[in-house]
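These are the residues of each chain, in order.
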Amino acid sequence: MKKIAVLGWELPPIFTGGLGIHTLNLYQRLAKFYDIDLYLPYFERVHINYPFNLKFIDFRGKFSYSYESSRDFYDIVRAYNEALVEKFDMNNVGLIHAHDWITFIAASRIKQKYHIPLVITFHSTEYDRSGNFYPQKRIIEIEQIGIDSADTIITVSNYTKCILLKNYKCAKDNIVTIYNGVELELFYVTNKDYNLKNQIIYFGRLTPQKGPKFFIEAAIKVLNQNEKVKFILAGRGEEMDKLKSIATEYLNKNIFFEGFVSLKRAKELYAKSDAFVLPAVSEPFGITVLEAMVAGTPIIASKNTGVAEALKNILISDFWDTDLIAEYIISLLKYKALRKQLGEQGKFEAMKFNWDRTALNTLEVYKRYL
Amino acid sequence: MKKIAVLGWELPPIFTGGLGIHTLNLYQRLAKFYDIDLYLPYFERVHINYPFNLKFIDFRGKFSYSYESSRDFYDIVRAYNEALVEKFDMNNVGLIHAHDWITFIAASRIKQKYHIPLVITFHSTEYDRSGNFYPQKRIIEIEQIGIDSADTIITVSNYTKCILLKNYKCAKDNIVTIYNGVELELFYVTNKDYNLKNQIIYFGRLTPQKGPKFFIEAAIKVLNQNEKVKFILAGRGEEMDKLKSIATEYLNKNIFFEGFVSLKRAKELYAKSDAFVLPAVSEPFGITVLEAMVAGTPIIASKNTGVAEALKNILISDFWDTDLIAEYIISLLKYKALRKQLGEQGKFEAMKFNWDRTALNTLEVYKRYL
Amino acid sequence: MKKIIFFFEVHQPRRIRPYRRYEIGKAHEYFWHDKNKEILSRIISKSYIPMTKFLIENNFPCSISISGILLEQLIELNSPILDLFKDYFKSGLGELVGETYYHSLASIWDDEEFSNQIKFQEETLIKIFGIKPVTFRNTELIYSDHISEVVKKLGYKNILAEGTDEVISKYNPNYKYTSVSNLNLFLRNYRLSDDISFRFSNTTWNEYPLFADKYAKWIHLTPGEVINLFMDYETFGEHQWKETGIFEFMKHLPKELRKYGIELSTINSFAESSGSKGQISIQKIISWADTERDLSAWLGNDLQKEAFEFMRSLKGNKNMHVWRSLQTSDHFYYMSTKHFSDQEVHEYFNPYKSPYLAFIYYTNILEDFQRTYC
Amino acid sequence: MKKIIFFFEVHQPRRIRPYRRYEIGKAHEYFWHDKNKEILSRIISKSYIPMTKFLIENNFPCSISISGILLEQLIELNSPILDLFKDYFKSGLGELVGETYYHSLASIWDDEEFSNQIKFQEETLIKIFGIKPVTFRNTELIYSDHISEVVKKLGYKNILAEGTDEVISKYNPNYKYTSVSNLNLFLRNYRLSDDISFRFSNTTWNEYPLFADKYAKWIHLTPGEVINLFMDYETFGEHQWKETGIFEFMKHLPKELRKYGIELSTINSFAESSGSKGQISIQKIISWADTERDLSAWLGNDLQKEAFEFMRSLKGNKNMHVWRSLQTSDHFYYMSTKHFSDQEVHEYFNPYKSPYLAFIYYTNILEDFQRTYC
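Protein chains in written order, with the numbering used here: chain A, 1 to 370; chain B, 371 to 740; chain C, 741 to 1114; chain D, 1115 to 1488.
It should be emphasised that the hints constitute simulated quantities derived from the structure, not laboratory data. Accuracy of the hints is not assured; some may be wrong.
What the hints assert, rightly or not - Below, a list of computed lysine-lysine pairs in the DSSO-like style, where the Cα atoms sit at most 30 Å apart:
1) B:K682 to D:K1398
2) D:K1266 to D:K1452
3) C:K766 to A:K221
4) C:K786 to C:K830
5) C:K766 to A:K303
6) B:K673 to D:K1149
7) A:K2 to B:K542
8) D:K1356 to B:K704
9) A:K230 to C:K766
10) B:K706 to D:K1284
11) A:K230 to D:K1284
12) D:K1284 to B:K704
13) A:K213 to A:K172
14) A:K2 to B:K372
15) B:K737 to A:K3
16) A:K192 to D:K1467
17) C:K1078 to B:K567
18) B:K425 to A:K267
19) A:K312 to C:K830
20) A:K32 to B:K706
21) C:K786 to A:K303
22) A:K352 to B:K704
23) A:K32 to B:K481
24) D:K1151 to D:K1284
25) B:K425 to B:K562
26) A:K87 to C:K1093
27) A:K267 to D:K1149
28) A:K111 to B:K562
29) B:K704 to D:K1452
30) C:K786 to A:K334
31) A:K334 to C:K830
32) C:K1078 to C:K777
33) A:K303 to A:K221
34) A:K367 to B:K706
Claimed, not checked - Listed next, the stretches of chain A that the computed footprint assigns to chain B, with coverage defined by at least 3 CB atoms under 8 Å from CB atoms of chain B:
35) 17-26
36) 263-270
37) 342-350
Ideal placement from N, C-alpha and C gives every residue a C-beta, glycine not left out.
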């Protein structure tokens, strides 16, 4: 039986970013079908039993000092990729699956060397991450290398697929969209009550990409009409101070910055809010949308949010149209029926995004080569 | 690419029994992985597009008159199997998957003839169907032939697996349990209210196998203490008159026979009942349990109900222990918290039974041979 | 001698426009003139004109109701269809059927409001066609004993209702019955009606293609005295495109029926010539909508209920015509969130795509209406 | 000089038996004697006896609380463990800590009931051990300013609380503090406590295996004056089996600590010799239970709330001892339906396997109690 070599970056419980959650949920299912080697950067403390083989790539030797400290992220990625190529165990591998630009250099070189089919997944593109402000050319080049080398490209939404088609050289027929699942256990709220809570929530990093600025703009427009409402921004990020200066008039009176929140606190915030707003400038998928929906919370999301394309029971706006976002918020505050219907139908809709389906669809891609 | 030949019996919308629902949900997913020939008895009117190939076996020639009318079911099955063997299209088939005894004769003969790997699924055994009263020996023999010929046996629960191990000659290592999914769309109820409804429901055929008699016995025990409760038996079956005679004292006052109910009516009944009771004598899976749970209804099920082994948020009793069943009913009527907690947690638990998982697990079996 | 009756519902709402909150208190024009005109023009040219010409040219008798809210729009558009309708009714072949002017749900919550809207429709029909109807068809066949009482008091002789599964489990729909209010009651035969209006062009239907001879045979084999085929007028040319052969089918149908001695009729002429099979009481409200055949297409979810209550609360205002135009059932239909196949039907007809937007625009408008006219 | 304090909670409930509805009004014996005896005997021989012997043999100082409801059962069982405990406290190494006799949740709903249960426990401790405690540890470290006020009034000097994430985000738990009621307040160091009680034998833990030298070094590197290691007594021999090496670990720990000049202490002796780092106010109730560190382990769902309300409603009855024995927190813990890892913990301890059965048996019993004693 041929093996699958997965080039990864993170894995819960060590790092629980979106990519890590995807990696764990996908490969614990696929491990029943294939022998899987999962390559990861060296971590000091992983001693959990996974159903796949962990291959830790120690690339600290590439630096004269500890990699955690001073090198910039790009250099760390290069070092990781270099070490990956050197230490790659070719034995019996039938397919390589590489996740995001942080593994694409290695993926491309390994493919060149051994001529094994390559599948790559874009969980995001440099255009998303930069929020279209100064995308790094050197990273875009690496993404293009990945595209050029890949036999199949997986994107997490048609939205991301369109970004690839628009900004990179790549063929439409090579791209497959596969949606992520949502972790029900963490966010499911039984029987949310839809009484008015006068609270609206934003949850995400405070970076231009996610559009917290537009959340605050919409908040101010609502507050100019109704001072009873609380707007909560949960999450950290480099924009914090700038955002606070925009919110100034209402800061700590109606607009609150929660900073980092645990998953438990996130669930609590979802459950206690009348709406979750994600005015993302560019969001390849938007798992928080599904999480909030599973908690029964009505959603206002931007058109540039990948998962929105697959959802009916949400309200959609342009990210910059804070007039419209404010109007949606006011309607939600005003009409319980709107909160309830969106919340309940939305919960049901979101629950259909399960990781079994993601695994099935990924298997379908693998089947082309194995 | 090798094909999979599926020996089936029914398919929605023509027949929508449990086997038909299983066949449709499973193969519309697996059709993405394999070219699938689905063999079915000849039906006059199927003109729907499925993602797999339908192969209709017309076996009316085996009789001198129309098969629908007078021959007994066993003879029809024999004729279907005979015709199946004759008309089987061997070209490029890599695996045969046969469902229930009604296809096992053909499966065994085709395997003998072409030496193709054979997977069989038991959706029920003769012991279940007969409710342990006079199981037909000739059918058990056919089931044994299926077992003897199969490379892997799939059962829909460990409960059924145990029946096989106990009553047939078969090896434990050959058997894999794969649970069914539930069709969310049909039964999901948003925010059930758990106010007292004074209504308890049984939904299933009125046959000894499903234990409606024990439902009535428990009902009478409850009614002797509380005359406000309504007990509804939804479904038809040969036991109807006998059951009415047991219910006599309370008939049409507290105990009602609804006869045939549509899915829509079933959902309504689930939603408007304080509990769903299935005191099955032998139930390989028990999809109605999941359906009622998805509708948010508390469950009392017998130990001899396959799906019960995989559920935590239900109440379980011996089917004959109508004292205990009655006590559970009274507690449910008495304590809203019990209804609500069982209903809400149960809904969440049942929703995890999705057909994607069933398909993944079935793929895992196929993978052994293809 | 068996008869078949074709009854057609001719109706298009004044859809409201995507009305934003910032307009509240400022803009009082609620209706989506461009969209309504665009849709209506398409329907007129694809369906209303060819179908009405067909009726005239083929001397095809049938019963027809045309909502007032549609007539208004036809007049505004200055469309030739209005003259065609007049021609058809002048020919005496057709029967003009009454309803509520606004194609509303008034029947289920306010007898007075209901009666007023019926009377207004009568006046309109008299003004335009010179005809006072004697047959009544309520919005989407919404019906109950109580509704028939109100209609009876207004002087009608005949009324239509859906032959729901429950009704036809007790009564063969293919007869004339009597309502508890003592009107002649006609029950729609939904299977045979749907064969034409829904299934006609469905290539996966096992009876596809449906030709007039086969259909005539089915009618012949169906026991009863009168087969009531009630459907939207848009069936012809819009739901079933011309290319499906629907007009050819209709054209050949009368002569195929004649082979079995079956004739076409209108509701009232049948009613006058035929006896009642008995009385039927229908206490719970039924309709022809969705698979539920109840009110759930319009008042099935919380959005619909909250919007409906809000609208009702504005009774007694200074702009009754607009308020009543906001009562048209379609506005609530667009807010439906039903699952399954019905959802697709709802979506097909929903100009806002989303039931949530339908609700938001509608309540925005009511807020303005309340401020401006109450 | 840094100190570490081991505090152990020794408690087993009187579990109720699977009490059927048909027994209501007939059977008034509620407790599951066989099961309780079986579990307790196992724990005594696997944990209580070896651990207490260990403490005595190694002159190991620590603070211990033993619930009254457990002491009753030890007396009934006539177990040698009672004499071992007496020996240990006679040695003067150990400190006996007070609590509610019934290990109940009385502190959160009734100050008088709470005080009575504390006093009853004091009387019991005096009777059995001849010792009146000065340190108080509430059920599962349930704590708030208000609770500390009540405890202060009863004459206690020291009290324990959980060092929750919120508390330790503001205060280093490794000091003695003062409660708003002016008691000496000790905060559990949950990470270092859990290293022993939860993670010690976890082979997938990256620090596995944990040896005394490594642990002593961690303690050494931890800033502060006192490390409060609070845990169940059953940790030793029951949760962590003898075979895991837990006793060897404990045996070597004092001398490894001594290498860094760290000594073991009891709560009160530390309290008397050391100053306060400052006052801490904790207004919302906290506990050491589950990951939430609140009351949700016992009152987190509707089952628990309904059962608790029912129990409370029976105040003022003719069988206070049984009623109070039904207040033991464990009864509510068994009704928890939390997800995740906690669920497994709950299930492990749940003798009925199902929270629903725990609820049904409990309410059945209350129904009988109500009939019989109210």
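Of all the hints given earlier, name the ones this structure violates by number, lowest first.
1, 2, 8, 10, 12, 13, 18, 19, 20, 21, 22, 24, 25, 26, 27, 28, 30, 31, 34, 35 and 36
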